[in-house]
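K.L.:
Note that the protein sequences, when read in sequence, are chains A and B. Those letters in the first sequence? Residues 8 to 688, by my numbering. Those letters in the second sequence? Residues -11 to 186, by my numbering.
The hints are simulated quantities; they were obtained by calculation from the structure and are not laboratory data. Where hints are given, some of them may not hold.
Once the Cα atoms are required to be at most 27 Å apart in a straight line, the calculated DSS-like pairs of lysine-lysine come out as [what the hints assert, rightly or not]:
1. B/147 <-> B/97
2. B/69 <-> A/138
3. B/112 <-> B/99
4. B/47 <-> A/417
5. A/394 <-> B/99
Take a look, some chain B residues computed to stay more than 10 Å from chain A by CB distance [said to hold, decoys possible]:
6. 5
7. 54
8. 105
9. 154
Note that the coordinates shown come from a computational prediction; the quantities given were computed from them, not determined experimentally. For each residue, glycine too, the CB sits at the ideal point set by N, CA and C.
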Amino acid sequence: MPKLTINGHEIDVAQGTSVLQACEQLGIEVPRFCYHDKLSVPANCRMCLVEVEKTPKPVASCALPCGDGMVVHTDSVVVKNARENVMEMLLINHPLDCPICDQGGECDLQDQAMAYGRDSSRYNEAKRAVKDKELGPLVSTVMTRCIHCTRCVRFVDEICGTPELGGIYRGESMEIGTYVNHALTSEMSGNLIDICPVGALTNKPASFTARSWEFQKTESIDVFDAIGANIRIDTRGNEVMRVLPRLNEDVNEEWINDKTRFAIDGLKRQRLDQPYVRRNGKLQPASWNEAFAVIADKIRTVKHEKIAALAGDMVDCESMFALKMLFKGLGSTTIDCRQDGSDYDISTRASYVMNSGIAGIEEADAILLIGTNPRHEGTLVNARIRKRWLRGGCRVGLIGAPVDLGYPHKFIGNTPSSLADIASGKHEFAAILKNAKKPMFILGAGALARADGAALHHAVRELAEQFNAVRDDWNGFNILQLAASRVGGLDIGFTPSNGGAGTAQILSGTMDVVWLLGADEIDTKKLGNAFVVYQGHHGDAGAHRADVILPGAAYTEKSGIYVNTEGRPQMALQAAFPPGEAREDWKIIRAFSEQCGDALPFDNLHQLRVVMVGHAPHLANIGMATKAKWSAFGKTGKIASQPFAPVVANFYMTDAISRASVTMAKCTEEIRPYQLPEAAE
Amino acid sequence: MVSSTQSFTFNAENLARAEKIIAKYPAGRQASAVIPLLDYAQRQNNNWLTQAAMDTVAKMLSMPPIRVYEVASFYTMFNLKPVGENFVQVCTTTPCWLRGSDGIVSSCKKKLGIGMGETTADGKFTLVEVECLGACVNAPMVQINDDYYEDLTPELMDKMLDDLKAGKKLAEGSQTGRRGSCAQNGPTSLTEKAKTNA
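Given the sequences, and given the hints that come with them, work out the whole structure.
P.N.:
Given below as structure tokens:
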């Protein structure tokens, strides 16, 4: 425990802490460009120079480990001069184009030049100019602004595992680029925009549209996958301009994937902005009252057990809970939130969540992925596995379709028979799992949607117990869910009960009325002749089949609780208003219940939440992953021999919003060809 | 960079040499062999590196291709564009310049009809200017492919280029017959032969 003095304050720090980190602990600001606390330390920008007594020159504090008895000054004349000089050097080749730069207003270089630079320039010579690079449809480049901090190079190398950027040529001619022009292939390349301390890498779809100080900032939750990344939605007026990550070390650290960041232009297209009723085979605009009346009339004419509801992948808990209550009132328990048709045992909560937690990956020392490609199904989980692998002492095995995960892994096989090989110890990876202190099993939700999903679920639970992965201090049984609404739906019981039927029967063509709550990832032909109510925000598969369309709110337009794959309830806040006559989903359901003559017992969102928390108390613990109790679960059955197929065919288009997004269409065209699966180790 | 769709494979001799170099480094540290391998690749490929050649090296050393491009673009001795059969590098750093490298440069330009960094139409010569090559004692000098040619005058340079055009082989080293780096008018000290001990 070195003890040092910084600006006259004594501080004890952990061994290996850098002087810069120690300064941060004391709340002393040290300017920096190349240093980033999630990346390696190259110490090449020199902005963080401090004065250390008994050293002849100022020292880069980011790369200087604290030593016992060190006396550091960050407020001396030496430091002030050093910072001014470094800043002057950095600005030599930096253009004075802040007024037309998208980074303007949130630029580290601008801020630090203001705070630590000289008041005026002494440089009269020519500045260098660098040709812009083509990095694909997401990141736009103005390379003349680059100060060569190499954060981007380290980010794609260390965090993404797709080393494609580098510093080419040298000295005055050095440039950051890919050398061979091609789009960046990482699914999280958008984070480059955030880590670039200058305006060299900026948001391409959002370029020249707004200034950072014009935004209304709303803290929310991402719904494009089940990770529940913490996001900030920036709006101007009623338009969502951009999405940025928020720091949450337990969930997304400070990254988000590209779908989260860039699919938002889909929120402006294909929107359902007024109710529709199908008349004479054609959907025609209608008023809310007309639409409700048509549904209510239809429901009155059919038997209650022939009424069904399916919830989609991006639905908040409140909406599902309200719909569940509505159906209870209608006398139907044929409701399901698993539109993928999975039918594994959900009797105990531990059976459908990621029990180790996302941060738990960092403790694991052997990870077995089963029927999943986390790179596409949970990009940030994959980033966490890569982070764990990078630290050393952790082996990763894959049973599933062969993919490039961005880190070396042992490909065990792509059929379920490999599970038996592990269980019997026939495969060498069994020994790795056996010797591991904290083995981790991650079962993909896609695999669970197979016909033999329930049996796979059971087999993996037994495997986890066999390798002692389930103990008091560690639970290594994990489901990587795909849908933001799934765990929430299961938590509040949006599942068939008391003789109600599940997705398979709902999609067997035997129902008279089917209420689709944002459910689009189904084969609508299987709805048969049912009268279909589609409540949702986009004109996608469900709306095309619908007889009545009730326009709802997208995730940015309502406040709602989403439970991520860890079982962590998180609250999304409303950042914009739904378009036209569209309304928040719980309100639609509440209004319809009144039409049916049996009004639901809540008049506002708060009352709804109170009732909902009564049913699922842990939903009140916003932001906390409640540990699920373990019990022997699972349904035995025959496991088929067919190989695991990739679950996410196209990472950039997985739902109604991203399918409507122009940016995602560009990604599909320009980036996906580079991402097609490659054989692993 | 000149992009190239052509493929590249090491010939048997270079492959054997490359494998020998790779074997020098402990497992997981094969990337250390990148410079010698790029050098072999360049020699095999008319003195320049295609993208295919760099990709081949990257694959052999399990390196991401960008890491190889970084190295190849950093070092000036790797050529990323096709060069002539005779790669003429004229030193113009201070000692050579004081000893008349300007004359050598203009002699080359005139004789070959090209400027710095250019290649003759017949693909025989590429002319470049380089920084100190460490043969200052015999300045001015040029390097053509692997050999040094020292103690030059514009006339000597002209003659050398004529000979190269004619396909003759040049005598490397000092062009005035000076041995090693001894003084221009012969040795000034140690003129006697060493006496043998009785």
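K.L.:
Next, verify each hint and record whether it holds.
P.N.:
Status of each hint after checking the structure:
1. For the proposed pair residue 147 of chain B and residue 97 of chain B, the alpha carbon gap of about 14 Å is at most 27 Å, so the pair holds.
2. With a C-alpha separation of about 19 Å, the suggested pair residue 69 of chain B and residue 138 of chain A falls inside the 27 Å cut-off, and the hint holds.
3. Restraint check: the Cα-Cα separation between residue 112 of chain B and residue 99 of chain B comes to about 13 Å, which is no more than 27 Å; the hinted pair holds.
4. In summary, the hint linking residue 47 of chain B to residue 417 of chain A is supported, as the alpha carbons are separated by about 19 Å, within the 27 Å threshold.
5. For the suggested pair residue 394 of chain A and residue 99 of chain B, the alpha carbons sit about 60 Å apart, so the restraint of at most 27 Å is broken.
6. The beta carbon of residue 5 of chain B sits about 26 Å from the closest Cβ of chain A, which is more than 10 Å, so the claim that it is off the interface holds.
7. Against chain A, the non-interface label of residue 54 of chain B is violated: not every CB pair exceeds 10 Å, the least being about 4 Å.
8. Residue-level check passed: residue 105 of chain B sits 14 Å from the nearest beta carbon of chain A, beyond 10 Å.
9. No beta-carbon of chain A comes within 10 Å of the beta-carbon of residue 154 of chain B; the shortest separation is about 37 Å.
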